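Undergrad: Sequence:
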Amino acid sequence: MSIASLTLRPATAADAPLIAAMHAASWQATYRHLLPAAFLDDEVDAERAAWWRARMEAPGGERRLVLIAELDETTPAGFVCVERQADSPWGVLLDNLHTLPAWQGIGVGKRLMCAAQDWARARGEAQLYLYVLEGNTPAIAFYERQGWQFSGAEPDRMGGVDITALRYVYPLDAA
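Here this note's numbering is used: the first residue of the sequence shown is 1, the next is one more, and so on.
A hint or two may mislead.
Distance windows between CB atoms, simulated [as the list claims (entries may be wrong)]:
(1) Pro-101 / Ala-165: 18 to 24 Å
(2) Trp-90 / Gly-61: 17 to 23 Å
(3) Ala-141 / Ala-13: 33 to 39 Å
(4) Ala-115 / Phe-150: 21 to 27 Å
(5) Pro-89 / Arg-9: 29 to 35 Å
(6) Gly-147 / Ala-38: 33 to 39 Å
(7) Ser-151 / Glu-57: 31 to 37 Å
(8) Glu-73 / Ala-37: 32 to 38 Å
(9) Ala-58 / Gly-152: 25 to 31 Å
(10) Asp-72 / Gly-135: 31 to 37 Å
Here are the simulated lysine to aspartate or glutamate pairs, DMTMM-like style, with alpha carbons at most 20 Å apart [said to hold, decoys possible]:
(11) Lys-110 / Glu-73
(12) Lys-110 / Asp-95
(13) Lys-110 / Glu-144
(14) Lys-110 / Asp-72
Rather than coming from a laboratory, the hints here were simulated on the basis of the structure. A quick note: this is a predicted structure, and the numbers were derived from the prediction, not measured. Every residue, glycine too, gets a C-beta built ideally from N, C-alpha and C.
Let the hints inform the model, and build the full structure from the sequences given.
TA: Put into C-alpha cells, the structure is as follows:
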C-alpha cells in the first residue's frame, strides 16, 4: 500500500477500542527498551483501553481533534490527538502521534502531524508542543526533521517507573 491510499477521518467514541489497540501496539513496539516488559505485555492493553474510553466520552471534545489514518479506507495505520490546553504556556498539545510499525516510513506520521498543525492554525494558535520519552531516539529524530525544537525536560512516571519526558515545541509560523 502507498501513501496515496491514505485517508484521515475524525474518530468517534466508538473508535476508542481501535485507538487504544493502536496506542498499545505502538508502545509495545517502541518502548521495549524504556518501560518494564510486565507493563507492556500484561497491562498496557487494558490501561490504554480504559484511558481512551474515558477520553473519547469526556466532555470538551470541541477542544480536541482525534484523527485515524487508514490505508485504502480499511486498514488502520495510526492516529493523532491534539488538544487545546487551558492556560498552557506552550500552546496546543500534540498529545499522541502514533504510526503502527508496519506503516512507518511512508509518510503517515507526517500527514497526521500536518493535520494537527492545520487544526491548531485554524483556531488561531501560535504554537504546538509535545512530549517524547527520553531514549525514544527514532521519534526524536522524526520530530527534529519536521522542525520541532527541544524546549525542556520534565520528570514523569509511566508503567510504574520514573521516566523523563522531553518537551518539544513547533511555532506554527514556521511552516
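Undergrad: Compare the structure with each hint and give your call.
TA: Hints, one by one, checked against the model:
Separation of Pro-101 from Ala-165 is about 22 Å and conforms to the stated range, judged on CB atoms against 18 to 24 Å. With their beta carbons about 22 Å apart, Trp-90 and Gly-61 fall inside the hinted range of 17 to 23 Å. Checked against the hint of 33 to 39 Å, the C-beta distance between Ala-141 and Ala-13 comes to roughly 34 Å, which is consistent with it. For the pair Ala-115 and Phe-150, the supplied restraint of 21 to 27 Å holds, since their beta-carbon distance comes to about 23 Å.
Between Pro-89 and Arg-9 the C-beta distance comes to about 32 Å, which sits within the given range of 29 to 35 Å. Roughly 37 Å separates the CB atoms of Gly-147 and Ala-38, a value that falls within the hinted 33 to 39 Å. About 32 Å separates the C-beta atoms of Ser-151 and Glu-57, a value consistent with the hinted range of 31 to 37 Å. Between Glu-73 and Ala-37 the beta carbon distance is about 35 Å. The supplied range of 32 to 38 Å therefore holds.
For the pair Ala-58 and Gly-152, the beta carbons lie near 27 Å from each other, so the given range of 25 to 31 Å is met. The hinted range of 31 to 37 Å is satisfied by Asp-72 and Gly-135, whose Cβ atoms lie roughly 34 Å apart. The suggested pairing of Lys-110 with Glu-73 holds, with an alpha-carbon distance near 18 Å, which does not exceed 20 Å. A hinted pair counts as satisfied when its Cα atoms are at most 20 Å apart, and Lys-110 with Asp-95 qualifies at roughly 15 Å.
For the hint linking Lys-110 to Glu-144, the alpha-carbon distance of about 12 Å falls within 20 Å, and the restraint holds. A C-alpha spacing of about 18 Å is found between Lys-110 and Asp-72, which places the hinted pair at or below 20 Å, so the restraint holds.
Checked against the numbered hints given earlier, the structure satisfies every one of them.
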